[in-house]
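J.: With the hints as extra help, turn the sequences into a complete structure.
Those sequence lines, one after another, are chains D and S.
By my numbering, the letter at position 254 of the first sequence is numbered 254, and the numbering carries on one by one without gaps.
By my numbering, the letter at position 352 of the second sequence is numbered 909, and the numbering carries on one by one without gaps.
Be a bit skeptical, because a hint or two may be false.
Only part of the chain D face toward chain S is listed, based on derived beta-carbon distances under 10 Å [as the list claims (entries may be wrong)]:
1) Ala13
2) Phe17
3) Ser18
4) Ile33
5) Ala34
6) Glu194
7) Val196
The following label-pair restraints were derived from C-beta to C-beta distances [to be verified]:
8) D:Arg36 <-> S:Glu736: 56 to 62 Å
9) S:Asp893 <-> D:Val555: 37 to 43 Å
10) D:Asp531 <-> S:Val611: 52 to 58 Å
11) S:Gln603 <-> D:Asn444: 51 to 57 Å
12) D:Asn455 <-> S:Val611: 42 to 48 Å
Hints in this document: simulated from the structure, not taken from any laboratory.
Being a predicted model, the structure only gives us computed values, none of them experimental.
The beta-carbon is built from N, C-alpha and C at its ideal position, and this holds for glycine as well.
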Amino acid sequence: MPTPEPRWLDELAEVAFSDQPTTAINTGSWKSIAPRHEDKLPPCSELCPAGNDISKVLSLLAQSDLAGAAKLLRTTNPIPATLGRVCPHFCESHCNRDALGGSITVHMLERFLGDYSLADATGVELRPSSKSGKRVAVIGAGPAGISAAYALTMKGHEVQVFDDKPKPGGYLRTGIPDYRLPKSTLDREIALAERVGVKFRANTRVGRDITIESLQNEFHAVVVAVGLHKSRPLDVPGADHPNVYNGVELLERILAGEAPKLPRVVAVIGGGNTAIDVARSVLRLGVKPIVVYRRTEKEMPAIASEVEEAKKERIEFQFLAAPAQVMQNGNGDIIALECQKMKLGEPDSSGRRSPVAIPNEKFRIAVSGVISATGEVADLSFVRKENDKAGYFSAGDVATGQGTVAAAVGHGLQVAASVDCYLRTGNREAELPNLRSLWGRNVNVEKVATADLLNPAYFHTQPHPAITTIQPSLPLTTFDEIVQGFDLEQAQSEARRCFSCGTCNECLNCYYWCPDIAVHREPQNGGLTVDSMHCKGCGICVQECPRSAMSMGEVQP
Amino acid sequence: MKAVLKGNSAVARAVGMVRPQVISAYPITPQTSIIEELADMVTRGQLDAKFIKVESEHSAMAGCIAAASVGARVFTATSSHGLAYMHEMLHWAAGARLPVVMVNCNRALGPGWNLFADQTDSLSQRDTGWMQIYCASAQEVFDTIVQAYEVSQRTRLPSMVILDAFFLSHTYEDIELPEQDVVDRFLSPYALPNQLDLARPTLMSPVTAEDYYMEYRHKIAVAHEHALSEWQKADERWQAMTGRGYGLIEEYRNSDAEIVLVASSTIARTARVAIDDLRTRGIPAGLVRLRVFRPFPAAALRSAFASKKQVIVLDRNCSFGHHGIYHQEIKSALFDAAYSPRVQAPQVHGVIAGLGGRDVTPEDMSEIISLAWHNKLTGPVTWWDTLTEKKPDSVLAAV
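T.: Structure follows, in structure tokens:
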């Protein structure tokens with residue numbers, strides 16, 4: 001061995017340094033548990049009947065990628081401008097943000113992005129897949145029909161939508177007043193679906209102008225999405241009077257600008273959205289409506305904010321009252337609605353307390369007309385049992401009875417996926433797919449990122465921007481839209497309040513916190529991965545993920 | 558400026574004047590008031606430093622190591638179990654040659670749970686590569702901290718400045734505080750040869766196998782040898798600037814003594830009273846106070862013990878299975894000396910006393926030395942004043 005130079009020890013640095021990495025040493029080989037990036041469902045998306053990818057859409061909006069956000073929204077939602085206005089926004093009911101400044105006003109952002117893409121579709125337009133050569137008939141151009149047609153068109157199928165009304169839209173057009181949904185918005189939203197390739201054939205009633213059999217011969221699949229349009233008649237003595245109206249039909253006439261001359265004071269019977277919509281609509285025609293409902297305000301199926309708006313408009317409510325008789329005077333004019341007084345009993349199958357009659361307790365409400373809005377049923381008179389065969393599908397309220405536009409849209413999308421599978425394979429899936437598993441990104445749809453999974457250290461109270469409404473000046477005479485949309489600044493600041501629950505938004509906490517530098521960013525797309533050879537399984541990344549987009553799990557030996 | 562301060566406040570004042578950039582600390586009795594005072598100074602803006610509250614002493618030292626690695630002047634303080642918990646990181650700081658300065662309040666280790674003075678905590682860290690300096694007064698604590706920053710920086714070895722729990726940490730004394738510019742002039746500009754440089758990224762302290770490991774360890778040993786003269790130089794320079802110096806060891810009435818008591822920390826201050834007392838009784842006793850323990854001043858000790866008849870080593874510590882730790886260290890220094898034809902090694906006897914804060918009074922020390930002088934201490938080591946070992950009959954009255 002050669003003798004070191006005399007100064008050799010002096011020349012050696014005091015401490016060891018290396019310019020080489022330590023990756024050769026697999027320090028992660030002893031761990032028994034390991035972290036992984038795992039997106040979970042945010043509570044909003046879990047509750048969204050249309051299965052919208054809300055956290056991802058909001059994250060794009062927060063990053064000022066408006067076109068990207070609008071486009072992503074439109075992949076799961078063909079009518080966001082409409083839904084943003086009319087949906088009861090189930091998504092906001094369990095928002096983790098609620099305790100820190102109030103739930104994210106998702107519907108306002110949905111509406112903002114919907115309007116954005118209606119104003120300028122550049123960069124928002126979706127391109128359908130290549131032509132499949134298959135043809136699908138959709139019966140009914142309501143929300144379920146539109147969404148099914150839209151999704152099937154995107155899959156490359158040729159879709160024809162049949163509807164008996166002069167213009168598509170279904171109940172959106174005939175049942176939702178303009179002050180909630182301006183028809184110009186609906187028109188443009190439908191135009192956008194047409195631009196994707198959906199074809200509508202108006203004024204064609206299946207069963208009258210064309211038979212379902214002929215459709216079944218001509219098309220590879222038929223989707224029945226006719227909704228619930230047939231009103232239940234008022235079944236009390238005296239109800240066969242000309243001033244007793246069917247709510248759904250009356251609304252349709254009002255919306256078509258063909259309102260009949262109405263009596264001065266009317267009882268509107270029912271507690272759902274139709275009742276509220278009718279009451280608020282006739283109010284604008286100079287009529288004084290009194291809403292009569294069997295239960296109390298708490299049990300009303302109508303959207304709570306709509307009830308609030310109605311109260312602001314000074315619409316009267318008579319709760320715990322069931323119609324018993326329409327009273328007439330000697331001239332045959334309606335003079336009153338006799339009501340049975342009710343009380344609340346045990347909860348029924350809907351979970352709401354049921355109305356129970358109080359014997360011998362009746363009272364009269366002085367009215368000159370009555371509008372019945374107690375629920376609708378489907379008119380399936382054009383379908384026979386033998387039509388239900390391979391290639392026959394039904395979508396929306398007619399299939400589910402769920403009764404919201406969002407549920408109809410969601411079901412339409414699910415059925416479309418099922419139809420697509422049938423058209424491609426000839427087989428029908430046993431169950432409709434989970435809409436969230438169609439997002440095209442990796443999400444564990446079985447896990448919800450509830451508040452207890454988030455790291456509260458990262459979130460602070462922040463109120464949402466004020467929502468502007470046009471305060472009604474009485475008497476109301478216009479059908480102008482009441483709730484005003486967010487401007488860009490409001491929309492972005494609201495989107496930035498979103499926790500992005502369960503959804504990695506590349507905040508890079510995992511990357512920075514990892515003591516072993518074992519969280520890597522993909523050079524191409526910035527995606528985050530855990531380097532299993534060097535991760536020791538300490539779990540700091542999972543703990544410090546603000547939004548529960550990571551999980552720990554046992555390492556399989 | 559004169560001030561009346563407890564030992565812990567003297568620490569905080571000294572640290573405040575050396576301009577540390579990072580203080581990374583975890584509280585433990587009896588040092589807590591040190592870091593509380595420093596935290597106050599940082600909060601009030603009197604001290605421009607980052608105060609890192611950590612979750613353990615292990616992390617406190619890890620914080621100091623990280624900050625020192627990027628070239629920050631750092632400080633921490635601990636005691637007893639905290640120091641024990643830091644053990645791994647103590648090795649790292651020394652091995653990485655980082656000039657960390659730490660204060661340790663000597664406190665007994667449990668069980669039994671005990672908050673009081675005992676040197677076993679710091680002496681258990683003897684082999685970590687840290688320098689250790691045992692102080693006897695609040696003034697010395699202040700002065701030693703300033704010196705430690707200079708010596709650590711020059712040697713790239715970490716320093717542990719040690720004071721007794723309560724006897725010094727919480728006892729108020731008058732001390733002289735220097736002006737800031739004295740401290741500024743005393744300390745060399747802060748720069749490390751090996752600090753992390755973002756422009757030239759390197760992996761610090763990587764795997765170092767048998768090919769170089771020993772060389773780096775040898776460098777630590779060489780640095781410690783060199784550190785003795787650095788301590789001496791720093792002490793002399795400080796004395797020239799402030800009038801106060803302490804030496805590696807401190808001798809009291811030792812030049813003509815025949816029997817020498819060796820002690821450290823506050824016991825060694827009390828011992829002066831005993832030495833004076835024994836002199837009046839005709840026993841030629843002297844005192845050697847061990848101040849710098851690592852690096853070990855063997856030559857200074859050998860010269861202090863030259864031609865003495867007896868050396869009595871008082872240990873407020875014990876290495877179970879053998880003797881008191883100072884006792885062993887001094888014997889080993891003198892055994893080396895036995896090979897030297899010029900020096901006749903004295904008889905050495907060890908006394909273990911004062912563990913867990915038990916008071917060691919001047920009377921105790923007078924009695925110990927007079928017993929030794931009369932050859933009444935049998936065996937190599939005596940456990941003084943314990944209920945479990947019979948004390949020899951007093952011989953003081955006879956003197």
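J.: Determine for every hint whether it applies to the structure shown.
T.: Checked hints:
Taking 10 Å as the C-beta contact cut-off toward chain S, the hint placing Ala13 of chain D at the interface holds, the least distance being around 6 Å. About 4 Å separates the beta-carbon of Phe17 of chain D from the nearest beta-carbon of chain S, less than 10 Å, and the hint is met. Against a cut-off of 10 Å between C-beta atoms, the interface hint on Ser18 of chain D holds, since the closest Cβ of chain S lies about 4 Å away. Evaluation of the Ile33 of chain D hint against chain S yields a violated restraint, the C-beta minimum of about 22 Å exceeding 10 Å.
Taking 10 Å as the C-beta cut-off, the interface hint given for Ala34 of chain D is violated, the closest approach to chain S being about 24 Å. Evaluation of the Glu194 of chain D hint against chain S yields a violated restraint, the C-beta minimum of about 58 Å exceeding 10 Å. With its C-beta approaching chain S no nearer than about 52 Å, Val196 of chain D sits outside the 10 Å limit, and its interface hint is violated. Between Arg36 of chain D and Glu736 of chain S the Cβ separation comes to about 60 Å, which falls inside the hinted range of 56 to 62 Å.
Under the hint 37 to 43 Å, the C-beta atoms of Asp893 of chain S and Val555 of chain D, about 56 Å apart, miss the expected range. With their beta carbons about 27 Å apart, Asp531 of chain D and Val611 of chain S fall outside the hinted range of 52 to 58 Å. As the Cβ distance of Gln603 of chain S to Asn444 of chain D is approximately 53 Å, the hint placing it in 51 to 57 Å holds. Asn455 of chain D and Val611 of chain S have their C-beta atoms about 20 Å apart, which leaves the hinted 42 to 48 Å range violated.
Comparing the model with each numbered hint stated earlier shows that hints 4, 5, 6, 7, 9, 10, 12 do not hold.
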